[in-house]
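Protein chains in written order, with our numbering: chain F, 1 to 318; chain G, 1001 to 1318.
Be careful, since some hints might not be right.
[To be verified] Partner residues aside, some chain F positions facing chain G, computed with beta carbon under 10 Å:
hint, residue
1, 43
2, 46
3, 194
4, 195
5, 199
6, 216
7, 246
8, 262
9, 267
10, 304
11, 313
12, 318
[Said to hold, decoys possible] With a Cα cut of at most 20 Å, we get these calculated DMTMM-like pairs of lysine to aspartate or glutamate:
hint, chain 1, residue 1, chain 2, residue 2
13, G, 1108, F, 248
14, F, 197, F, 249
15, F, 108, G, 1267
16, G, 1015, G, 1091
These aren't lab readings, by the way, just hints derived from the structure by calculation. Beta carbons: idealized from backbone N, C-alpha and C, even for Gly.
2 protein chains.
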Amino acid sequence: MIDTQRLSTAHRLIKPFIHRTPVLTSTSVNHLTGNTIFFKCENFQRTGSFKFRGACNAVAACAEQLQNRGVITHSSGNHAQALALAAKLHDIPVFVVMPQTAARVKQKAAESYGATVVLCQPTYISRQETVARLQQESGAVFISSADNEDIIAGQGTAAIELIDEVGSLDLILTPVGGGGLLAGTALAASDLLPHVKVIGCEPEQVDDAYHSFNSGTRITEVRGNTIAEGLMPPLGVHPFAIIRKFVDDIVLVTEREILHAMHYIWERMKIIIEPSSAVAVAPLLNRRLKISGKRIGVILSGGNVDLDRFFAMLTCSL
Amino acid sequence: MIDTQRLSTAHRLIKPFIHRTPVLTSTSVNHLTGNTIFFKCENFQRTGSFKFRGACNAVAACAEQLQNRGVITHSSGNHAQALALAAKLHDIPVFVVMPQTAARVKQKAAESYGATVVLCQPTYISRQETVARLQQESGAVFISSADNEDIIAGQGTAAIELIDEVGSLDLILTPVGGGGLLAGTALAASDLLPHVKVIGCEPEQVDDAYHSFNSGTRITEVRGNTIAEGLMPPLGVHPFAIIRKFVDDIVLVTEREILHAMHYIWERMKIIIEPSSAVAVAPLLNRRLKISGKRIGVILSGGNVDLDRFFAMLTCSL
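Bound conformation, chain F alone (with noise of 0.2 Å):
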């Protein structure tokens, strides 16, 4: 289990880079809740999500045994583009793998920010077995993007800043996939607010965590479809023994609730939140939560939405 000590050495050790992240309030949000929610904006991060946080954290805590090998890793989401810069700012060659299937908008965004990007098949085998090439061709690290304690204790910084920024809270919201930011989220909260209360938010459609969480054994394999891509992963292995002890519960959404809540922090607060982030809102909107009265932090965890078709759609209607 990791010590809570090691997310303040994350704090110091990524300052240097990451944005501070500011945290919003909505008068309507309020409103409509009838609680206090104090959101802290990691869409505004750099590369547009909580996973700089990690990534960082995990290329500079060995960056310089790192500097000839390089890291590596596969994914077609947030945690690809977080790596890539993080990678970069530390002046270390980065390798991502990813199947071909992937939208070339993601593939660009990971070259943009100086990774090698290698594609696979999209088969669980192919991937493996790319990763391992490339590991003996170039002796690069591999990093998870959830299972893995450095990532964690670095995701857990932002509900550092959080309780820094804004103080006693009585619950904190974050969206679970990998589970690093839950994990990390809670970490820091037993820390900071022994009595704060933390919820992972969950779709209905990709329910592992939940299950996992409630019966005690960790479900390895996911299957269904999500809006919330970047919830698809399954719950690693360290995430899962931090949030079975320190999480107190999980909850699902359905997909029309987290559109729902998208349009609704779209529409009222004007900030882009991508799906995953909406998850983690949900649970206030529909009110099943049944709280009211309450200071609750949630953690947005990130913007990166593909906004082609809609401004091909105003486009074309000029």
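Using the hints provided, position chain G relative to the given structure of chain F.
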């Protein structure tokens, strides 16, 4: 001509009601343009635009005398919502005249802030007649969206806050339509930073301010259409006088440049700005201003965009 003293009075008067909006910066935008740009985020203002500042000042300035009479305006845009909320907060009745052709969502928005919306034919004459009739019946005072000294003084408070927060600037950019924001900003700047340049930005398609400014004769009729709906009204009499004296230049941008700037800001800054705001960003992205190494303030005027089609598209994909 308005005394700049009136801007600080306005600021004192409206402070209890307005949000002090954040000033954001973006590494990407700075890198791309070669300048340091400070975005004053009036898209986060109450009712979603800077218009609330002026409306609030106009109502607050004569709240007692308006108590039983109320206020009236014609607008289907941001001024309607702004005046509605300003009046509601001062417990004053408010009438908004809109053409029948205005989107139902705009009518609902004004009503949601407590306005009595009265529809008229989509002609200039019907609008004037409807306003006159309602004024006669209720005694309501007409509050123009830009051609009113209290409105101008209120709009200038955004620049006061911007300068207070970031200090010296070389240049301030705002969009220009009716001219309230540009005039108020120029007044504030002339008082606080005598050496700063102030430039208005206008869509090429509705270039009345540009020609009025350059010829010295105010054009009173606007032809043409723009995606930046908020900038359709012609330059008002009061704003024109101030702009002629205190503004350094007016630059034009195309519809495509507006959409490109809007897309870029959404994607990189993860904030929602409306096309009118993007008009003041476009001259920096298209490099038509040919400046670098400068400290530039940009007033992002609002964030009211109809997102329903985009979310309908996403819902269909579920």
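Taking the hints in turn, this is what the structure says about them:
1. 43: holds, 5 Å
2. 46: holds, 8 Å
3. 194: violated, 32 Å
4. 195: Interface hint status for residue 195/F: violated (31 Å vs cutoff 10 Å).
5. 199: violated, 24 Å
6. 216: violated, 32 Å
7. 246: Given a least distance of 29 Å, the restraint on residue 246/F is violated.
8. 262: Status holds, d = 8 Å.
9. 267: OK, holds: residue 267/F within 10 Å of chain G, min 6 Å.
10. 304: Given a least distance of 8 Å, the restraint on residue 304/F holds.
11. 313: holds, 7 Å
12. 318: holds, 5 Å
13. 1108/G with 248/F: Violated. Residue 1108/G to residue 248/F sits at ~41 Å, over the 20 Å cutoff.
14. 197/F with 249/F: holds, 8 Å
15. 108/F with 1267/G: It holds: about 14 Å lies between the C-alpha atoms, which stays within 20 Å.
16. 1015/G with 1091/G: Holds: residue 1015/G and residue 1091/G sit about 17 Å apart, inside 20 Å.
In this structure, the hints that do not hold are numbers 3, 4, 5, 6, 7 and 13, in rising order.
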